[in-house]
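Engineer: Here the protein sequences come in this chain order: A and B. Per my numbering, the very first residue in the first sequence carries number 1; after that it's consecutive. Per my numbering, the very first residue in the second sequence carries number 1; after that it's consecutive.
Which copy is meant is left open, so a pair is good if it fits within one copy or across any two.
In silico DSS-like pairs for lysine-lysine, Cα to Cα no more than 27 Å straight-line:
#1 Lys107 <-> Lys189
#2 Lys292 <-> Lys364
#3 Lys51 <-> Lys296
#4 Lys386 <-> Lys354
#5 Lys301 <-> Lys51
#6 Lys51 <-> Lys285
#7 Lys285 <-> Lys316
#8 Lys355 <-> Lys386
Think of the hints as simulated: they come from the structure by calculation, not from any bench. Please read all numbers here as calculations on a predicted model, not as lab measurements.
2 protein chains.
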Amino acid sequence: MSIFELIRASGLGRLGKLITSNGTVYTPELMPVFNPNKPLISTKELIKEFKIKILITNAYIIYRTPHLKSEAEKGIHNLIEFPGVIMLDSGAYQAWMYKKDLSVSNKEIIEFQDLLRPNIATILDIFTDTDDYETAKKGVIETINRAKECIKVRDQDNQDILWAAPIQGGKFLDLIEYSAKKLSKLDFKYHPLGTLAPSLMNYEYRGVLDAIATAKLNMNSSRPLHAFSIGHPMFFSLSVLFGSDLFDSSSYALYAQNNRYITTFRTFNLNDLVEFPCTCPICSKYTPEELKRMDKENRIKNLAKHNLYVCLGEMKIIREAIRRDKLWELVQSRVRAHPNLIDAYFYNLMKYHKKIEIYDTLTKRTAFFYSGLDSLLRPEVLRHKKWLIDRYSPPSASILIILIDIIFRTLESKYFKVWTEKIKGIIYNINNLSEKDIHFCILSPIFGIIPIEIAESYPFSQYLYPNIFFESLSDHVSSIFKDYIKAFHTNYKKIIIFYPELTLKKKEIYKYPEIKLDTLPDDILKENKVYIVKNIEDIEKLLT
Amino acid sequence: MSIFELIRASGLGRLGKLITSNGTVYTPELMPVFNPNKPLISTKELIKEFKIKILITNAYIIYRTPHLKSEAEKGIHNLIEFPGVIMLDSGAYQAWMYKKDLSVSNKEIIEFQDLLRPNIATILDIFTDTDDYETAKKGVIETINRAKECIKVRDQDNQDILWAAPIQGGKFLDLIEYSAKKLSKLDFKYHPLGTLAPSLMNYEYRGVLDAIATAKLNMNSSRPLHAFSIGHPMFFSLSVLFGSDLFDSSSYALYAQNNRYITTFRTFNLNDLVEFPCTCPICSKYTPEELKRMDKENRIKNLAKHNLYVCLGEMKIIREAIRRDKLWELVQSRVRAHPNLIDAYFYNLMKYHKKIEIYDTLTKRTAFFYSGLDSLLRPEVLRHKKWLIDRYSPPSASILIILIDIIFRTLESKYFKVWTEKIKGIIYNINNLSEKDIHFCILSPIFGIIPIEIAESYPFSQYLYPNIFFESLSDHVSSIFKDYIKAFHTNYKKIIIFYPELTLKKKEIYKYPEIKLDTLPDDILKENKVYIVKNIEDIEKLLT
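Chain A on its own, in the form it takes in the complex (with noise of 0.2 Å):
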């Protein structure tokens, strides 16, 4: 039976249903992390104010409760009383948080979580928070190793636990790809990354980033991701973007803790709020100075419970988004919050765009927005450049003219249909001309040529860019322009680019991207069949 089924994707990220025997659960997801020994929000609360579905616990700290672990026969369900989906833990964070010895051994933490019956249990993997190469690689071997011990340990009968192995690697990229490999052959429905704690401590986005798209390029995809210790909002769409599908925090309460007070954009401290930048239920009711007014625990509580409905509603966000195909536009604002995201999504975008490609939705719902030059690495942009070169054969017509496209909000058709008509008007005129000889293409300063056969289908139907650029795109738009003039000339006689400059209102502030001609192979420059023209007379002047 599958356990998880992809409803949706958008990069690297989707949307799914993670199916267990207490319920399904959409992902992406924030499970909180519940902490069964002194819990700040109750699961009474999490269940009525949050609706919450699935939470996080501990079976080490369980374990070593003795209260709580007297009791562990009863099922992690009642013991907690959630009904929902419930994942355990194993200890391997708390052993390296507080560098301990954690005297208890994979093979019993396996065992007991069998007796807790969780929805989704894990094995005690190894941190491998370390600079040195071969401790990373001997924590990933033991890792491996004991993820094999669970595998025959693990209680056969109960085959509604989903076992989650966690991938390790800690910076070491290849060893994340060596892991990812070797639990992905292994009986086991879950990973999780683990070891992104230190990054994210020291703001090492991209290195987070680049941790989660090497585990999941590398991890049997039919199985979900979960990234260890993301917990802030900030940075959950990026994060989903490059392949996480589950998250877990505890950040909501422990940053509460600190009077700190989480939103998508930054954390602030409550003491330096005058206003609460939020909607959420707690900030309609308060203003920070009540809240700063109050007992230390209700504070904190009150502050918690900000901090949760911020992180749930960032991932009802993500969800809504990918489910309209537009994941994509949302990274490209949230990461505008802090040039350490931006840095983060440009640098592992350069990186990954090309397998990107291979993963992101073919057709989407919606328009794609233009936010900046990181757009241009998007698949649809990169998917129409391939298939230009690749699959793409031109109708037999002599003549090449290109018209730009420039979006007039105010006229109700687009630039280049105005034209198409005008010059057919023209053809019509012209003895031994007739529109079959002509090929339409339009200039696109986003996805450079587009043959006027395509022009109605996904993305050149419904695309959308800021009339007005502070980066050039005129190496971009040529550098397409080459490519299909390389692949295509002996097709035409004539290459004719029309670019009405008079026509465009304010060209003083609107530069429309500039083809350079100069690129173009010598040899086909030779052959002087390529043309620029600025006004329509001169169009006709040539076709004749």
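Mind docking chain B on chain A? Use the hints.
Structural biologist: Below, chain B without anything else, positioned relative to chain A:
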């Protein structure tokens, strides 16, 4: 008495206090439109659930509704049972919207408002929605005449009413300028900007922003500017940056009546939503499915409440951003929600950046975040460029050493600090040379040249950019470098630019802006004193 106090400025936007006899309101703020005939949300709910301190309602609607008109002398606060700040609009919008003659004169509506005693009252202005310049001009002049009439006929004893005279002009910026200047000379306390609705309906954000900036830059800036009709939170932060202090909106209710659900990034039809991308009390309580199944009245009411939560929430976000000097960062992120917003932002930034620089706060409390080439037109960058040429003089030192600035997040100190120390070590061992002979400057991708004397002051001590750019900043940096060298080259015998290429990690991706020496004037190049060096040994050779 001043009725408007400036607290903090960002761009043309500002955090302010609007002081009235029914309380003080922090601006920017949105006034929900309250329809006294059929309120969708009662004043009780507005106060209790939304903590509304200001609203706008319509004198004309009350005037033409017999049961309301008959109770006018109770005063508007008693009539609608709202003790906070109340603004009255006059009916100009209704005359345009329903294309009808109001059968009420300016004088009558002024006298009626004197009877109603709101905190802010509005003359009966003329909506200038026309393509015909002369018609628009007539409207502007008639509005000015009506403002003059108001001064004569309004109740001179009622000093508590702040009278508002709307700036008009429609799509003609010179008329907006004329209107703003003329009205500023009259005895009014408050200026709305009218006739934005037609452009807003066509999503012509570029023109709307241009109109706002024109009004703002030509009016008496001690008075608040109220952008009539802007009711979508996608556009609030941008409108504030270009000068709006107040907003009014019936959108929250009108959208709800059409099943439309507002967010800060777009509008949805309720039927298209599977989950609510929001954390407000309504969206935390209900699912879209539950709302769809409600009876119409309740559904519309809940949608209206959600819409209002989002609109008011965005105002809280904006005010908090101005308080922390982060409005620019908010806008940089918000505009990426739609290419039309990017277009409006870039176009008007290009057009107004020099004027904006004059108004913007000099020393900010938080770091400058680079988000793209648009950030180079921000006041901090322009101000520094001007200051370098107009006000700066370098210390007496015969050698200029320019060090590139890279933010290594893993290092405690910035890159240039490490290298200045190393170079000082070299100088120490060279005869006839002391630290005083060297002037260090930092080469910054954003600020160009930063003399080391000011490196610890704002914004040079706190600005962040991604370590990877898609766009080239070489032209930008070279241009500031050229200006610096042209101004000060006679101060120096040697100018050394230290570009330690090999030490850059990931240099295949990270492209540090290149200084183009060939942009320097010939006479400076002929002096042969500008060197680009790539390792520290070359600096040593040049110094000895």
